[in-house]
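Just so you know, the protein sequences line up as chains A and B, in that order. Counting in our numbering, the first sequence runs from 1 upward without gaps. Counting in our numbering, the second sequence runs from 1 upward without gaps.
None of these hints come from the bench; they were simulated from the model. By construction, the Cβ of each residue, glycine as well, lies at the ideal position given by its N, Cα and C atoms.
Listed next, with one range per pair, are the computed distances between beta-carbon atoms:
| hint | chain 1 | residue 1 | chain 2 | residue 2 | range |
| --- | --- | --- | --- | --- | --- |
| 1 | B | Lys335 | A | Ala133 | 55 to 61 Å |
| 2 | B | Gly81 | A | Glu160 | 45 to 51 Å |
| 3 | A | Pro143 | B | Glu264 | 32 to 38 Å |
| 4 | B | Asp441 | A | Pro72 | 26 to 32 Å |
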Amino acid sequence: MCNRKTSFCLAVVLLAVVLLAGALPLRGQTVPPATPEEEGKLIAVLLSDTPLKAKMDACRQLAVIGTPKAVPVLAPLLEDEKLSHMARYALEPIPGASVDQTLRDAMGKLKGRLLVGVLGSIGVRHDAKAVPALMKMLDDPDPETARAAAGALGKIANAEAAGALREKLGSVPPKVRPAVADATLACAEALLAADKPGEAAALYESVTKAELPKHFRVAATYGLIQARQAAEKKK
Amino acid sequence: MSPSRLCRGAGCSASSSFRPTQAAGCPPVTRRQFLGRAATAGGLVTVPYLVPASALGLNGEVPPNERIVLGGLGVGNRGSGVLRWMLPEKDVQFVATCDAQTSRSARVKQMVDAHYGNTDCVTYRDMREFLAARDDIDALLVTTGDRWHALASIMAMRAGKDVYSEKPSCMTVAEGQTVVETAKRFRRIYQTGTQRLSEAKFTVANELLRTGRLGKVHTVRAHIAPWDAAEMRHDWLPAQPLPPDNQVDWDQWLGPCPWRPYNESYVRGGWRGFYDFHTSCIGEWGAHTFAQCQVAIGAVDTSPVEYGYVDNPTGDGMVTRFADGMEMVLHRGDKYWRGSCGVRYEGTEGWVAVADGYPKPDVSDPALLEDSEQVVRDYVERTGHVMSHVRDFFNSVKSRRPAVAHPEMMHRSMTTVHAANICMWLKRDMKYDPVKEEFLDDPEANRLRSRAQRAPWIM
Chain A
1 MCNRKTSFCL AVVLLAVVLL AGALPLRGQT VPPATPEEEG KLIAVLLSDT
51 PLKAKMDACR QLAVIGTPKA VPVLAPLLED EKLSHMARYA LEPIPGASVD
101 QTLRDAMGKL KGRLLVGVLG SIGVRHDAKA VPALMKMLDD PDPETARAAA
151 GALGKIANAE AAGALREKLG SVPPKVRPAV ADATLACAEA LLAADKPGEA
201 AALYESVTKA ELPKHFRVAA TYGLIQARQA AEKKK
Chain B
1 MSPSRLCRGA GCSASSSFRP TQAAGCPPVT RRQFLGRAAT AGGLVTVPYL
51 VPASALGLNG EVPPNERIVL GGLGVGNRGS GVLRWMLPEK DVQFVATCDA
101 QTSRSARVKQ MVDAHYGNTD CVTYRDMREF LAARDDIDAL LVTTGDRWHA
151 LASIMAMRAG KDVYSEKPSC MTVAEGQTVV ETAKRFRRIY QTGTQRLSEA
201 KFTVANELLR TGRLGKVHTV RAHIAPWDAA EMRHDWLPAQ PLPPDNQVDW
251 DQWLGPCPWR PYNESYVRGG WRGFYDFHTS CIGEWGAHTF AQCQVAIGAV
301 DTSPVEYGYV DNPTGDGMVT RFADGMEMVL HRGDKYWRGS CGVRYEGTEG
351 WVAVADGYPK PDVSDPALLE DSEQVVRDYV ERTGHVMSHV RDFFNSVKSR
401 RPAVAHPEMM HRSMTTVHAA NICMWLKRDM KYDPVKEEFL DDPEANRLRS
451 RAQRAPWIM
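Bound conformation, chain A alone (with noise of 0.2 Å):
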């Protein structure tokens, strides 16, 4: 009985919870989007000896209202262990050849985990003119720069970035090999996509000839097969 009567104020006391909770949502907790004027804010807040806190959440909103007249400020942050990845959460999304140099000069001063986060924001970015740079990191000595650069490779997808991955492909070590199939599986997809199956074949029939776990040599054939018939058909 006395269970009872415990178990049913717990649930009064939960309804009562959750009622609240519905009615009292955490509004004032949030960093409102900036409006375009408060660039030049935004700007001083990161130039500014405020905590980090207030830096990291300029850096959210100048993600979604950023301009170039943002990356000079934002560019030496990348190289900041704590700013880092708010530098480039901030510089990703912002429009403009300035982002794509300003990665790219950061590639050559950044090492391990800076890096590998620069890398993964070119690819998002599918900078063309990183490829030469990306080519030469897929023999860095540290894996997740190695696979890191791949990556990018991958998303980047032209035919450039397609023939440093085939070529690389068997001679990279067993750990970078993977992302290495992976980023070429990729540019075969954008090139069958592209309508040009002869050169996704190739590629393709890399990847099933690689030492590599069976899924990549599977995924490879699937793939080989349809440039294959995508080939004939254009006969």
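Since the structure of chain A is already known, use the hints to place chain B on it.
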């Protein structure tokens, strides 16, 4: 991976020798046989053929070769519930779990070992190490917090695993796209945990709509969660020291999200409501109810094209509109339902409403339910999807046919979640092009379709 993009049976000429489904007159093909034959047919890999169970005389037991070897990633409270549904499946063997929190892996091991009566379940802490070490695992149950669902699924599929992922299964449009792309590339089976798609009463509602018994349906209504808000928190909870003995790998727990100081509340489930970790009250239930509605109206390869901003903190009453004029309205509260995760479909000749806790759907006319059992049987017969979400997944792992909650369905219904959230965050009406997958004339909204991920946790 929409069903239309995959070879689903006789008549498909593309790569017919690799067809994973069971053709008429042919013996069933197991997943392992299929993979082996596919590779061998390409002249590239040699995989031994398997001995059929009947030849082994195992008296109904599933032989090891026919079992699906299952692992877990981030199995906590919700994940344990799903695992309880999975463990009794006789052709499934759960062998290992990986979690950034030691105490959670230990609880899963205890539960699994108790089920099998042994001490075999292996625990891991580093996700990459786990995926690299266990090439014996066929499929993974991904039940991390929302922030990790997509990336963990992508990493798992790249490692050759099939995936059952809890919902909401992606934090951004970009993550959803990459889940679709990866599943397609590696031909992985993927099921998102929208389990109401495999429940009879919800299926009856969907079938009433699909078969025209409600007349021309003009409006569908989808429930959103009655806690939290569409507006999200960005504050930090007070910094606390990390627990002793390296019990929590905080870097891995945060994964692709921005760094913030540790606080125990996050790892105990208090991450909900935070922008970095959650998809708001809209995603909490919308991941289910939008999926229900979009499956019902046949919109699994698209998303609404219009989102009307509502001046309240939650999105309650938001009207979204598909390209064909169909309206999907978001509702919070009990105006239309007596239970959670409700949907309601309204047509020119009737309506149906259903939510958790209903013994059967509410309908405008009782005659609509006279043949409910037959309706469900016909659905199962027609689609091959059974009334158990986990079983449907395991069936797909074996047959290689897409599961009911396949990647494209997940991605498109979650795009609706993301677009509705973005509409609320930017406080203006939105138009979306589901073909180009971008907002029209709204660069700020387009920037919110993705978030830079924290290294090394990058897609």
